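Chains as they are written, first to last, in the numbering used here: chain A, 1 to 457; chain B, 458 to 786.
Careful, some of the hints might be misleading.
[What the hints assert, rightly or not] Quick list of in silico lysine to aspartate or glutamate cross-link-like pairs, EDC-like style, CA-CA up to 16 Å:
1) Lys208/A x Glu607/B
2) Lys517/B x Asp530/B
3) Lys440/A x Asp283/A
4) Lys95/A x Glu607/B
5) Lys268/A x Asp530/B
6) Lys75/A x Asp245/A
7) Lys305/A x Asp283/A
8) Lys616/B x Asp204/A
9) Lys52/A x Asp92/A
10) Lys71/A x Asp360/A
11) Lys250/A x Asp78/A
12) Lys426/A x Asp267/A
The hints are simulated quantities; they were obtained by calculation from the structure and are not laboratory data. Keep in mind it's a predicted model, so treat the numbers as computed, not measured.
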Amino acid sequence: MPTLTQRTGRARGSLLLCAAAAVALLATACSGAAAPAGGGGAAAAPPGRGDKLTVTVYSKFTAREYDVVTKALNKLRDKYPNIEVRHEGNQDDDKITQSIRGGNPPDVAISFYTDNLGVWCSNGSFQDLQPYIERDGIDLNQIPKAVRDYTAYQGKRCAMPMLADVFGLYYNTDMFAKAGITAPPKNTTELFEDTKKLTQFNPDGSIKVAGFIPSMPFYGNQAQYWAPNFGANYFGPDGKSHLADSPGWKAMFQFQKQLVDFYGGHDKVEQFKSGLGDEYSADQGFQSGKLAMAYDGEYRDAFVKDQVPTLKFATAPAPVLDSMSDQYGGGFTTGTIIAIPKGAKHPGAAWELIKQVTLDTGTLVEMANGLKNVPSTTASLTDPKLVADPQFKTFLDIYASGKLVANPPSPIGDAHLKAVNDFAEKWQAGAVPDLTAGLKQVDAQINDALAQKPTGG
Amino acid sequence: MTTTLPARADSAPAPGRLRAGAGRARRHRTVAFFMAPAALGFLIFFGYPLVATVVYSFTKYDLINPPTFVGFDNYARMFSTEPLVRTAAYNTLWLVVVLTVCRVVFALGVASVISRLRSGVGLVRTLCYLPSLAPPAAATLAFVFLFNSEFGPVNRILKLVGIDGGLWFNSPAMSKPSLTLLALWGSGELMIIILAALLDVPPEQYEAAQLDGAGPIRRFWHVTLPSISPVLLFGVINSIIYALQFFTQAIVAGSAAAGSADVAGNSKYIGAPQNSTLTYPVWLYVQGFRYFNMGYAAAMAVLLFVVSAGFTWLLVRQLRKSQHQEEAA
Numbered sequence: 001m002p003t004l005t006q007r008t009g010r011a012r013g014s015l016l017l018c019a020a021a022a023v024a025l026l027a028t029a030c031s032g033a034a035a036p037a038g039g040g041g042a043a044a045a046p047p048g049r050g051d052k053l054t055v056t057v058y059s060k061f062t063a064r065e066y067d068v069v070t071k072a073l074n075k076l077r078d079k080y081p082n083i084e085v086r087h088e089g090n091q092d093d094d095k096i097t098q099s100i101r102g103g104n105p106p107d108v109a110i111s112f113y114t115d116n117l118g119v120w121c122s123n124g125s126f127q128d129l130q131p132y133i134e135r136d137g138i139d140l141n142q143i144p145k146a147v148r149d150y151t152a153y154q155g156k157r158c159a160m161p162m163l164a165d166v167f168g169l170y171y172n173t174d175m176f177a178k179a180g181i182t183a184p185p186k187n188t189t190e191l192f193e194d195t196k197k198l199t200q201f202n203p204d205g206s207i208k209v210a211g212f213i214p215s216m217p218f219y220g221n222q223a224q225y226w227a228p229n230f231g232a233n234y235f236g237p238d239g240k241s242h243l244a245d246s247p248g249w250k251a252m253f254q255f256q257k258q259l260v261d262f263y264g265g266h267d268k269v270e271q272f273k274s275g276l277g278d279e280y281s282a283d284q285g286f287q288s289g290k291l292a293m294a295y296d297g298e299y300r301d302a303f304v305k306d307q308v309p310t311l312k313f314a315t316a317p318a319p320v321l322d323s324m325s326d327q328y329g330g331g332f333t334t335g336t337i338i339a340i341p342k343g344a345k346h347p348g349a350a351w352e353l354i355k356q357v358t359l360d361t362g363t364l365v366e367m368a369n370g371l372k373n374v375p376s377t378t379a380s381l382t383d384p385k386l387v388a389d390p391q392f393k394t395f396l397d398i399y400a401s402g403k404l405v406a407n408p409p410s411p412i413g414d415a416h417l418k419a420v421n422d423f424a425e426k427w428q429a430g431a432v433p434d435l436t437a438g439l440k441q442v443d444a445q446i447n448d449a450l451a452q453k454p455t456g457g
Numbered sequence: 458m459t460t461t462l463p464a465r466a467d468s469a470p471a472p473g474r475l476r477a478g479a480g481r482a483r484r485h486r487t488v489a490f491f492m493a494p495a496a497l498g499f500l501i502f503f504g505y506p507l508v509a510t511v512v513y514s515f516t517k518y519d520l521i522n523p524p525t526f527v528g529f530d531n532y533a534r535m536f537s538t539e540p541l542v543r544t545a546a547y548n549t550l551w552l553v554v555v556l557t558v559c560r561v562v563f564a565l566g567v568a569s570v571i572s573r574l575r576s577g578v579g580l581v582r583t584l585c586y587l588p589s590l591a592p593p594a595a596a597t598l599a600f601v602f603l604f605n606s607e608f609g610p611v612n613r614i615l616k617l618v619g620i621d622g623g624l625w626f627n628s629p630a631m632s633k634p635s636l637t638l639l640a641l642w643g644s645g646e647l648m649i650i651i652l653a654a655l656l657d658v659p660p661e662q663y664e665a666a667q668l669d670g671a672g673p674i675r676r677f678w679h680v681t682l683p684s685i686s687p688v689l690l691f692g693v694i695n696s697i698i699y700a701l702q703f704f705t706q707a708i709v710a711g712s713a714a715a716g717s718a719d720v721a722g723n724s725k726y727i728g729a730p731q732n733s734t735l736t737y738p739v740w741l742y743v744q745g746f747r748y749f750n751m752g753y754a755a756a757m758a759v760l761l762f763v764v765s766a767g768f769t770w771l772l773v774r775q776l777r778k779s780q781h782q783e784e785a786a
């Protein structure tokens, strides 16, 4: 018969064994936490006309925009009357990722943020839509190449463009008239000269009205929005970052420094910048009349008309580097993307919904009119029902110019964009003595991030 | 002569010992039963995440696909090729040192003043405590507005007395001090705890010290401080942990100062200006949930855990040492 000591000893041994087993189980659980990537392969069959099911959609739309998109999504019911569309608004990219990881994703995910596409595509979060496109014989040439590019990653089409954002120059026509400027600047030399004419200083030397401020990242002054106007590229043919070898980046940063010096230094620009309102408030710098010119997306048109209807303004393509005059008329594009997440319960119905809101001209035009975004197909762009005043038409022309440039999807999300924008901040502040050496450090940082990804580096 | 042989260890225990043993076992079971919910909660919400974090720290893991073992690669990257982790660690260390000292001294100072008030104590105490109830995001936005260099009331008042207030949240040199001011404004909880400790010091000790000719400074040094030292230690540890976990205020201040209200989904504004508000937890979050480098983020978390545990252990050890020295004296 075992003694108490022996029993206690055995109990301790069992406890240790249990603890070890628990740790082993935890480790096993950890390592097997997620199912293998997949979700590609064959296209799921479309639902039957009488099928009763609910398609869940996650998007970040809220308030008025939510209603516009919900209405567009519900057009699917014209074809499938028994399908219910449940649109969950205010769901950001983090929530979409979390739902995929948790095994309970929506059937359709809508994101405003194309920079995450490379990550989602490369790790299998979004399903490959190519089998659906081939099955339904869809011609993707109805979408501009740059837009097709930012919705695919390394040949894998894991999203479709729903609506596009196009960037250009906004300028205050009253201030232009007062300064005797008759046309918007077409190149960086003209932009600089016009900035000098339009800028007003207070008696103490501080900035009262800025012609065009170079602060980055700020409003539409993001490295990625400016890059196409200077021919600046992020990655070389080897897939690695080569900013230091790119004359475009150097030209862009030198132009930026030229503007900072004109204003009397970085602190003066920062002081002025801090007095400008939030990007989407009525006090936004261009809307409040403190900025005579600004880079921005086509959506600013709707904000101005809604929040400051008295403001006299016009729009034009963004000025380009003097040596790139043939590229004038184009610009940066990004947009809303729509995809079927891995693990979606009704992928067949989800694809039908995606087709409805990305390829159906009527639906696209209705959404574009409601959201004041650029519709993504060529047919919708020229549809007579598309409401386009002269300010908005500029962006439609840029979209149709064939000179659009988008960010290259990357497996590191927006890490490279953050690195460049961080550098821009330091450069403007005069904290970088050697531009080339500084850009080499940025390259090293981006390449280190790329090396962490299976497809990078 | 009779010899009593020692009982063999494996011999059958006497019935009385058996009963006592059974009673002990029953008590152990009862204790285990009552402890089970807490133990279970501890295992699920602390033990499992801790073990999982350590395991993940040796893997490359993108949150979607199964992790792959990479040994010490994540730790090696942290100490070699990844530059922003050093910036983030520096910012957090800055906050640990400056914010901890300022927060404890400020709370002690305010509590000392309140403890000496003759009237209006309730009102002053409430006014000092109220800011700590403000939600961090809202409080930060309000602070960014107050300290706006162009139209903020703080700079306007400073200008009236001929002082150039500076750029505050828009300057990399001033952003962390601005965040420290924000933390001080919201340190009402610590102030209340220290106030309670101050009011708990026996008045006889002050009277005795006064009779011995001790002035206010010596009374504070030799009576007040030793009496409230455990509470101050709690304040220091609490402030260190607060600084090590500094997240919401840093992320909101950086974004607001950059003119954007879009924090979710946009990593480009995080840390602005010039990554001076990029704290260690913020960078950990960005790496894990924005860049999908969960293995690397886990390695960062392990380091943070080791550092915070180390800080706490050092402080507790130091306090015990000084208490023993005091008792011996």
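Hint check results:
With a CA separation close to 11 Å, the supplied pair Lys208/A and Glu607/B stays within the 16 Å bound. For the hint linking Lys517/B to Asp530/B, the alpha-carbon distance of about 9 Å falls within 16 Å, and the restraint holds. For the hint linking Lys440/A to Asp283/A, the alpha-carbon distance of about 38 Å lies beyond 16 Å, and the restraint is violated. Between the alpha carbons of Lys95/A and Glu607/B the distance comes to roughly 36 Å, so the proposed pair goes past 16 Å and is violated.
Annotation: proposed proximity of Lys268/A to Asp530/B is violated, straight-line Cα distance about 44 Å (limit 16 Å). For the given pair, Lys75/A sits about 49 Å from Asp245/A by alpha-carbon distance, which is inconsistent with the 16 Å threshold. The straight-line distance between the Cα atoms of Lys305/A and Asp283/A is roughly 13 Å, inside the 16 Å bound, and the hint therefore holds. A hinted pair counts as satisfied when its Cα atoms are at most 16 Å apart, and Lys616/B with Asp204/A qualifies at roughly 13 Å.
Straight-line distance between C-alpha atoms of Lys52/A and Asp92/A comes to about 28 Å, which puts the hinted pair past the 16 Å bound. Only pairs whose Cα atoms come within 16 Å are accepted, and Lys71/A paired with Asp360/A is accepted, the gap being roughly 14 Å. For the hint linking Lys250/A to Asp78/A, the alpha-carbon distance of about 53 Å lies beyond 16 Å, and the restraint is violated. Note on Lys426/A and Asp267/A: the hinted pairing holds, with a Cα-Cα distance of about 12 Å set against a maximum of 16 Å.
Violated hints, listed in ascending order, are 3, 4, 5, 6, 9 and 11; each of the other numbered hints is respected by the structure.
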